[in-house]
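Undergrad: Here are the chains, one letter per residue:
Protein chains: 2
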Amino acid sequence: MKKSLPLPKGFSAAGISAGIKKKKKDMALIVSDVSAETAAVFTTNQIKASPVKWDLKVVEHDGARAIVMNSGNANACNGEQGMADAEAMAALAAGKLGIPPLDVFVCSTGTIGKPLPMDKIAGGIELLFDAVSPDGGMDAAEAMMTTDLVSKTVTVEIDLDGKPVRITGLAKGSGMIEPNMATMLAFILTDAAIEKHTLQCALRVAADMSFNRITVDGDRSTNDTVICLANGQAGNELITQSSKHWKLFFQTLEKVMFDLAMMIVKDGEGATRVITVKVTGAASGGEAEEAARAVANSMLNKTAWAGKRPNWGRIMDAIGYSYAQVQENKVDIDYDDVPAVRKGMAAGTPEEELVAAVSKEAFTININLNLGGGSSVVYTCNFTEDYVRINVE
Amino acid sequence: MKKSLPLPKGFSAAGISAGIKKKKKDMALIVSDVSAETAAVFTTNQIKASPVKWDLKVVEHDGARAIVMNSGNANACNGEQGMADAEAMAALAAGKLGIPPLDVFVCSTGTIGKPLPMDKIAGGIELLFDAVSPDGGMDAAEAMMTTDLVSKTVTVEIDLDGKPVRITGLAKGSGMIEPNMATMLAFILTDAAIEKHTLQCALRVAADMSFNRITVDGDRSTNDTVICLANGQAGNELITQSSKHWKLFFQTLEKVMFDLAMMIVKDGEGATRVITVKVTGAASGGEAEEAARAVANSMLNKTAWAGKRPNWGRIMDAIGYSYAQVQENKVDIDYDDVPAVRKGMAAGTPEEELVAAVSKEAFTININLNLGGGSSVVYTCNFTEDYVRINVE
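Quick note, the sequences are listed as chains A and B, same order. Using numbering that gives the first Met the number 0, the letters of the first sequence map in sequence onto residues 0 to 392. Using numbering that gives the first Met the number 0, the letters of the second sequence map in sequence onto residues 0 to 392.
Bear in mind the hints are in silico, worked out from the structure with no lab data behind them. Quick caveat, the model's predicted, so the values are computed rather than measured. Among the clues, some could well be false.
As the list claims (entries may be wrong) - Listed next, the stretches of chain B that the computed footprint assigns to chain A, with coverage defined by at least 3 CB atoms under 8 Å from CB atoms of chain A:
{"no.": "1", "segment": "35–49"}
{"no.": "2", "segment": "69–76"}
{"no.": "3", "segment": "110–119"}
{"no.": "4", "segment": "318–325"}
{"no.": "5", "segment": "339–347"}
Cβ coordinates follow ideal geometry from the N, Cα and C atoms, glycine included.
If we strip away everything but chain A, and leave its shape as in the complex, we get:
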């Protein structure tokens, strides 16, 4: 039996095959029964895909009702035609709902620099509105997939003074993944009633603590987008940053986004294991992050982890060329709680214990620079020949 995805109250969804990709679902639709508060974060890449530019306008104006997305084509680097196509895609969906185009978010993911096949998009939108239902969540998640091996969804329910509130997340992404977003799309739906600026603040902070902590290959794409719709259908008391339910809502939102982020890094192209890189004792938080990223993005480290080899010298090397200040004779490194390096030198732990530590399904590399109070954490994956196979093809 097919897994189902419980959507928050007042949301419906669909995922169908519009023929953009061969034989696979390639378009998704999410609709709220009523206008929802919106928040969104986008790629920091200077080259932004047309749908990202469109969505920047949508999120600036009040409320939205729908998200329409396609995979197989990124609608990036298509100039004025790309912008016209993104707007037309929104207008087609808006027409079906009888709302203004600016009430519809548009997302595209796939190949860069090919015109969007608007005939297929138009046909797909017809099919989506035929199929849309409260049970369509899993179909939508499937249609979001590109090189993903699994669809990625999370639903959590919380109780706010007797009112059940649900937060549901759908995401895609596996290559071009790096802190500050990637070819990554995530839609967060909730029936919570929440004030717009509170929602925006929550989404931005939660994104920094989830999607912006993961890295697969250090590439940031042109299309990364996280959109949140909050339609208020749960009937809870309006959440603001000073209300008592703010904390629980934020923590739940963060959990949903963190879980989605971990699903993405676990499904990294060719990856088999998740590795957590924690840096403490840096001169500043920013330097801790630079050091953690250098380690997490080093091909020499990622291939060593694929081979289940401790190879802490490659970690020393990476922090040494990072922008973080490092004093060789102060550095301590542990794999989980197994000492690998003390004061910049081998800690003396027998090789077989180090090998065992890095052979686990998941493990944490704890790096203490012993210089100050800055700390940071980044989640990454190992790097196998399969990544090359996937990206050569």
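Assemble the complex: chain A is given as a structure, and chain B must be docked to it using the hints.
TA: Okay, now just chain B, sitting in the frame of chain A:
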């Protein structure tokens, strides 16, 4: 018959197996009959191997006679014992020559964090002095190899007012290669008579135009070293920065180092082709370099090139997330002279022509940001499954 390497006048060399690696040559020696002027450039990594720290002292004092090196062990992250071992290695070689230890450069390359096997090093130094001869250049180049598939040597001879002057280079390196050096060692020998500061200036500028232009995997190692010895045995008039032969000497030095750098990038771990990334029209030279590096180090680009796919979208993506200022609708990209992108969009060249352009043994990606006068060039290689195989093992 074995290829021979003509050394400059007054130099001899040897390469032998000391048992640090299994059955392969793993130690090399280069000796000048007389004290030579010295110049050197080292890794910018904050974590420097012990031999690098030793060599910094050698190059600061006047003159040197020898270089002794081992592969199979980097003598990095070994603390005080590492420094003592590097100095002992210099002292052992110096003892054989009856000179002070500070007249001997020491280089090590290989695994980080394992103590140098000093018994094998001592035995190896005995064997090296038994073997050293003017014909030993190729043996020395072989002993420098780690994951290199081929040894890397260049010899060029120039005529300075009737005096033949020779510049000979020996290098190793294939992984951990990125502008600003890598697990890369290069020894440049010349019988030219040249003033010390002139030599230092020439070496630094030539390194910026050769070894610092290549990138294999974006990693910079703890041991990168380029050492130049100039023993004056050619009998030419002393070269200074104001002398008439300065320009020819510098150009020849640069050619030797550039040829060695190209050999290294061509022998990049798992690589099969050399790709030149040229950026023009950047807001500054530094920004041009940032953009070129982002493209050259992007795994998505390197795997696309391995698959002989144009995939210019991945180039747009990489310049977009680089630190260089980019305006999407001004970017032009050509593969050699085949237009791929005009004003940020597909140039309209048929796909098969683009595929043909990136299928060549070597090709240049010309990126014009059309913003200013900054330009830069970086040389890189494609990325295949073999890199992963090599580094997993």
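Undergrad: Now look at each hint and say whether the structure bears it out.
TA: Hint by hint, here is what the structure shows:
no.: 1; hint: 35–49; verdict: holds (count 5)
no.: 2; hint: 69–76; verdict: holds (count 3)
no.: 3; hint: 110–119; verdict: holds (count 4)
no.: 4; hint: 318–325; verdict: holds (count 5)
no.: 5; hint: 339–347; verdict: holds (count 5)
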